[in-house]
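Knowing the structure of chain C, use the given hints to seat chain H on it.
Chain by chain, the residues run as shown.
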Amino acid sequence: MAKTLAEKVWDAHVVRRAEGEPDLLYIDLHLLHEVTCPQAFDGLRKAGRRVRRTDLTIATEDHNTPTIDIDKPIADPVSRLQLETLRKNCAEFGVRLHPLGDVEQGVVHVVGPQLGLTQPGMTVVCGDSHTSTHGAFGALAFGIGTSQVEHVLATQTLPMSPFRTMAVTVQGALPPGVTAKDLILAVIARIGTGGGQGHVIEYRGPAIEKLSMEARMTVCNMSIEAGARAGMIAPDETTFAYLEGRPHAPRGDDWDAAVADWRALRTDDEATFDREVVIDASTLSPFVTWGTNPGQGAPLSGSVPDPASFADPSERMAAEKALEYMGLRAGQPLREIAVDTVFLGSCTNGRIEDLRAAAAVLRGRSVADGVRMLVVPGSVRVALQAVEEGLDRVFTAAGAEWRHAGCSMCLGMNPDQLSPGERCASTSNRNFEGRQGKGGRTHLVSPQVAAATAILGHLASPADLSALPMTAGA
Amino acid sequence: MEAFTTHTGRIVPLRRSNVDTDQIIPAHWLKKVTRDGFEDGLFDAWRKDPRFVLNDPARQGATVLVAGPDFGTGSSREHAVWALQNYGFKAVISSRFADIFRGNSLKNGLLTVTLPQEVVERLWELTEADPAAEVTVDLVDRQVRAEGITADFDLDDNARWRLLEGLDDISLTLEHESSIAEYEARRPRYKPRTLRL
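The listed protein sequences derive, respectively, from chains C and H. What the first sequence shows, in the UniProt record's numbering, is residues 1 to 474, in sequence order. What the second sequence shows, in the UniProt record's numbering, is residues 1 to 197, in sequence order.
Source of the hints: derived by calculation from the structure; they are not laboratory data. Just so we're clear, the structure is a prediction, and the values are computed from it rather than from any experiment. Mixed in with the good hints, there may be bad ones.
[Said to hold, decoys possible] The list that follows gives simulated cross-link-like pairs (lysine-lysine, DSSO-like), each with its CA atoms no further than 27 Å apart:
#	chain 1	residue 1	chain 2	residue 2
1	H	K32	C	K88
2	C	K46	H	K90
3	H	K191	C	K3
4	H	K32	C	K438
5	H	K48	H	K90
6	C	K321	C	K210
7	C	K210	C	K8
8	C	K72	C	K46
9	H	K48	H	K32
10	C	K46	C	K8
11	H	K32	C	K8
12	H	K90	H	K32
13	C	K46	H	K32
14	C	K72	H	K32
Extracted from the complex, chain C is given alone in its bound form (with noise of 0.2 Å):
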């Protein structure tokens, strides 16, 4: 029978399938963090259990962690414990544990690719919505509760009611100066918040197929925002080519069977999907968002919708409570918004071709008066790489805050957040209500929206910046 890719992962993970039952899907890679996970750690040891699978097992400490002063003991006493925690439980239960200080240590989603860990056909999951990220490899990847993390810890499986298979098919080509998270950010804008909801989406078409592996990241990380368990995007040339080499990418004998295999990984011809959409790259350009969810979304040409223009209520009341909480109003074209804050980094787009594209725009320029810009690599190695090749000193000499790897201001659960008011354009994947600070406003945008916005300091692509003369010793 045809099947679509992500069927044929799954089916390539039954452990056990009965009538009326989930089937019990194996897990060929769980990546761990400290805020999800100290529960489960818990459970286990009340319950007498042991971690079933320290060799498929791996931690790395991001969401909590500061991006200054990473020697100093951390100041905010419960944060310092839920480290102290992790790697407690990572000690007494034998998992690799990547900490702050770690050359290996990031945010998770970037640490488990450039290891070399995820890869084609595998299932990855993790404490953490933004799993999906690891479907850029054609892995089945997705974001559990603590509950499911012990339930992994305990017995490498998930008992897994199957997902609905979605397609979302990029025809055409990305104009320049477009990027994936534009096109992500369309997708969601186009198919809403629920538009993925029990759906595993599968990215294709040959728009997809020309994206760099950390382009397709960005594309499959924000999968959960259009409410899918998953995204995922077939492996191909681009995939193999990133992996081979890498630490924990097969070898020899092992790389030959691992590429035969990883071929067959794609939906074949006469397969169907539950949905299709299908979207046409070239009427793309510059996406941010206006509100407070990843749906409300504009081309940044455009302007704040009147919230009178939806036809659905429960759409049109969020849209009025969303301009509320934004301090909007209906009709303001979005380039006149202004910030107050840009922050570049995240699970979304915190890998080193991000920060590359933006200090391209950012090379010779200031950052605007009165903005503040944090770049904040997504893990050691890309601030190693990025150090190598000047891009630190891009940014500082621009007037940013180079920082240390971390999950930081994406959600603000460390000391980098927005005041009340505060504005922000982030390269991030959510815009909730106080998401990145208590009253604090964002704005989605790609790297080069960002460095553009902290430029003019208010949302602006690099095309705006031409007629911006460049600063001395350029």
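Coordinates of chain H only, in the frame set by chain C:
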């Protein structure tokens, strides 16, 4: 997990769509390492507003939350479920739930009931007219009942059985330990391991 059979209680109407888990429990609360003590963090930002429905004295002690579509979107934090339960909620009714939130709630015995938006509207109208009105969420018959309202809801047999019995998923899975071991024996050898190189 606590078993759920049937529950009768008063309603809190939450007339909002896209109630994300950052609203249910903000990130700064997630530093705690326990499953309890989250009740004061529930809807932390909105509760600062005295007009917020949870601050209405008539809603004190209500145990069934009735919310707009796309409830529980965003972060996978199970703390959102714990916060609702710690506060005293036994069930949440919405026309659409985010998948991870729904999975988390059912694993903790917080019953999430999906009903058409039209029924949600009628429940809102009922409770806004009379805050003392009660609703019954009956898992045995998979039915929601209130004055003038009878609505059946779907929940698959397996999930229902686990809830009715209050079963521990891990114990159930470990009954099939031999199947797991058999699967492990046939995994391709090129699959990565996390052991330090």
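Now the hints, each set against the structure:
1. With a CA separation close to 15 Å, the supplied pair K32 (chain H) and K88 (chain C) stays within the 27 Å bound.
2. About 25 Å separates the Cα atoms of K46 (chain C) and K90 (chain H), which keeps this hinted pair within 27 Å; it holds.
3. Restraint check for K191 (chain H) and K3 (chain C): the C-alpha separation of about 22 Å stays at or below 27 Å, so the hint holds.
4. As the CA atoms of K32 (chain H) and K438 (chain C) are separated by approximately 19 Å, the hinted pair is consistent with the 27 Å bound.
5. Distance hint between K48 (chain H) and K90 (chain H) is fulfilled; the C-alpha atoms sit about 23 Å from each other, no more than 27 Å.
6. Proximity of K321 (chain C) to K210 (chain C) is assessed by CA-CA distance (about 39 Å); at most 27 Å being required, the pair is judged violated.
7. With a CA separation close to 23 Å, the supplied pair K210 (chain C) and K8 (chain C) stays within the 27 Å bound.
8. For a cut-off of 27 Å, the pair hint linking K72 (chain C) to K46 (chain C) is broken: about 34 Å separates their Cα positions.
9. Taken as a hint, the K48 (chain H) and K32 (chain H) pair is honoured in the structure, with Cα atoms around 21 Å apart against an allowance of 27 Å.
10. Only pairs whose Cα atoms come within 27 Å are accepted, and K46 (chain C) paired with K8 (chain C) is rejected, the gap being roughly 37 Å.
11. Between the alpha carbons of K32 (chain H) and K8 (chain C) the distance comes to roughly 39 Å, so the proposed pair goes past 27 Å and is violated.
12. Restraint check for K90 (chain H) and K32 (chain H): the C-alpha separation of about 22 Å stays at or below 27 Å, so the hint holds.
13. Taking the CA atoms of K46 (chain C) and K32 (chain H), the gap is about 18 Å. The hint holds against a cut of 27 Å.
14. About 21 Å separates the Cα atoms of K72 (chain C) and K32 (chain H), which keeps this hinted pair within 27 Å; it holds.
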